[in-house]
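J.: Just so you know, the protein sequences line up as chains Y and H, in that order. Quick note on my numbering: the first sequence kicks off at 1 and runs consecutively. Quick note on my numbering: the second sequence kicks off at 1001 and runs consecutively.
If you're looking for bench data, these hints aren't it; they were derived computationally from the structure. Note that CB positions come from ideal geometry on N, CA and C, so glycine has one too. Some hints here could point you the wrong way.
[Claimed, not checked] Just a few of them, taken from the derived set where beta-carbon distance is under 7 angstroms, the chain Y residues facing chain H: (1) A3; (2) D57; (3) R150; (4) R197; (5) T206; (6) L208.
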Amino acid sequence: MNAFLPLLRTNYRDFVRDRTALFWTIAFPVLFIGIFGIVLGRGDDGASYEVGLVMEDTSPQAATLGEVLSQFEALELTRGDRESEIASLADGDRRAVIVVPAGFGASISDGAPQPLQVHFDPSQQTTQQVVIPVLLRAFEVADRALTQTRPVVIADFQTLQSERLQVIDFIMPGLIAMSVMNGGVFGAIAMVSLRERRVLRRLSATPLPAWALVGADVTFRMVVVLLQTVLLVVLAVIIGGVAVKVENLPALAGVTVLGGLAFVAIGFFLGAFAKTEQGFFPVAQVITFPMLFLSGIFFPLDSMPDWIRPVVSAMPLTYLGDAMRQLMVGGAPVHSMALNLGVLAAFLVVFFSLAVRLFKYE
Amino acid sequence: MPVIEVRDLQKAYGDLQAVAGVSFDVAEGEVFGMLGPNGAGKTTTVEILEGLRIRDAGQVSVLGLDPASSGSDFKRLVGVQLQQVALYPRLRVHEVISLFGSFYDRRASTDELIALMGLEDRRNARIAELSGGQAQRLSVALAVVNKPRLVFLDEPSTGMDPQARRNLWEIIEGFKADGMTVVLTTHYMEEAERLCDRVAVMDHGRIIALDSPGALVRASFDEDAIEFVSNDGLTANDLGGLAAVTSATSQGSAHSIFSSDIPRTMGSLLDLAAERGAPLEGMRVRHATLEDVFLKLTGRTLRD
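Kindly produce the complete structure, drawing on both the sequences and the hints.
T.: Laid out in structure tokens, this is it:
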């Protein structure tokens, strides 16, 4: 007797003939990747940001400052009066507005320099992350030009990666980790449905061993999760322009399977408590939804407050996302790879043994 | 040696004693019926024999094995049909039969089973598209996919129209002709009378009578019944006093009189009706049935 392949075939047929499930498994992550890829994808690298410059001083020093600022390609300077520029900032047409106050040049000659006023909208992430650093750098250059000093401490910044990582490189591995999580946890719904429809009970009246039933189901879920990952990596490259580390792809497949197994085990565990498919869904949502936002998929972990760290550390997606980011794009490690893999393996072992213990045919 | 031996079988769910000390044997090649209303303990008894439930007490031997401890060695020998199984809705009929066949070394061919169950034109239909009767026939086909010597059918005709039910009966008679032993639960007395060599009548977890359908009826009634409807003033008491009447039951305006001498009883019934001016509608004379036996033994009908 070999029921393993027939069971696998049954899973496949049941899956591909269920159009709704097919949609959620394939189309949903693809839409996600597509939207993020288009919105955040690598545009041309010479992207520039509109910055307003309000000149209320006519001194040569103010002119030098204006000249220096205009040399920065990342800044697209617009000159205007204070009122209209601030209004443009409020309308979202400017990233920042620099006001050079009247008497700026004179104050430098007097030895008591007046500060520039820089207005910006702190809720705009790119302003904080990109525009302000560029402005600081510009002010530094202008400072040297005006004081006629030469820099002595010169830094040559070497990034960890050969290419500088962008937001899209951060997000894509996270999205793939998310789809592995959903594929695993929600994949367990098939078993819940078999139990609800009393098919498990009927199968328990045959000599079919439980390992064959569970083994075929888990194998099928892993194939689905792997194919999903392959599809998403390809799309991340094509749509998002993500520079994937090709040499790490086999390891990425391994991590996909390990993460997939851990999340299937969690799904089976949750499934042991659900009598019906409808009862399973909200429980799985409650478990997976917070992980989307708290395990560093969309927001970097170091942007989160300290008190939430223990919660973050307890989430398996944190470790899967970190492992995938390291392998896929060479992202900076949050945890060591050994810790990531160890935690995922621990989740797998603990939840699978609990699921086996709680398993019921009806 | 009997195929099934059961001695003082007991099973409780919490406070509810579902099976309260049941003993019987089933012989090789026999069609053995378990008749009773819902909740009588039929399904629990059968599921213990199938190895799906663990008994609290008593001895059970099926094909010489203890179903509770013999595992897959036992399960490959018997065929099982359960109530209310909703198979993979998106699979096709022949795919499900092949799948179940793959669980066994010894198996009937898929096409043979499809032909046996008369499902030829539904071969490629999805399970979700089958009628209740077709789905039920498929579940019987799955019960014999391993060509078992012993098959358990739990209310196999539920949800079938009368024509489909008769088709199923022919199939079960075919099983018997092939030498298969069949254990069948039902709450249709007609089904038990037609198919079963012996019937165990169950109520409240006990067997209250066990014999061939004919012997069961003869043991309770050596008489025939007169049935009629009368709206006016005839009571069971009046009817019990008629000539040659052994017992009479009334449910609302529907009356049944059991008589050891139909002509004498009929004469006195007509006299009584004329005297009272009571109408006698839909009158017919029939043999006593298992339904009557059950009513007499328990005071309730099978469908209650």
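J.: Each hint: holds or not?
T.: Here is what the structure says about each hint:
no.: 1; hint: A3; verdict: holds, 5 angstroms
no.: 2; hint: D57; verdict: violated, 76 angstroms
no.: 3; hint: R150; verdict: violated, 76 angstroms
no.: 4; hint: R197; verdict: holds, 4 angstroms
no.: 5; hint: T206; verdict: holds, 4 angstroms
no.: 6; hint: L208; verdict: holds, 5 angstroms
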